[in-house]
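Under this note's numbering, the first residue of the sequence shown is numbered 1, with each subsequent residue one higher.
Keep in mind that the hints were calculated from the coordinates and are not lab data. For every residue, glycine included, the Cβ atom is placed at its ideal position computed from N, Cα and C. Each hint should be verified, as a subset may be incorrect.
Claimed, not checked - Label pairs and their in silico Cβ distance ranges:
#1 95 to 146: 27 to 35 Å
#2 107 to 146: 42 to 50 Å
#3 142 to 30: 27 to 35 Å
#4 57 to 112: 47 to 55 Å
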Amino acid sequence: MSLSQSVVLRPTGPVRPLDRRVWGLSAVGVGGFALAGVYQLSNQRIGIPCILHATTGLNCPLCGSTRMAAALLRGDLDAAWHFNPVILVLGPLAGIALGYQVLAWALESLRLVRLPRLSMSPRAADWLIKGLIVLLVAYGIARNLN
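Whenever a hint applies, use it, and build me the whole structure from the sequences.
So, in structure tokens, the structure goes:
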């Protein structure tokens, strides 16, 4: 058997279509960067108004995300950090995980190679979700204390 044949893996069963959650998260990411691009091209005159901020004057954990993405498109990391540091850190982590899942699916569907999929136990996923909720609530409270 040649080396090229040993590297190519064939799926053992039917290739399942990409999970709907991955498509949804991909659409959110692409839409966010598209919106940030439009924001930048329109001299920063558009944005998504936050209902919580508009009604109460309080900043939610996601407030500043559009301005953060626009600052990243300009290459201004300091401004991006100022607008929303939590999403600046969590966004790329989620993007890397999502990008890897999409790459693994694409390579498998093209029958080129089968990469191991990211997975976690239901218990770990439960703790991750709870931890993210606690982090975002704590950040939302902390950013409104001044």
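Violations among the numbered hints: none
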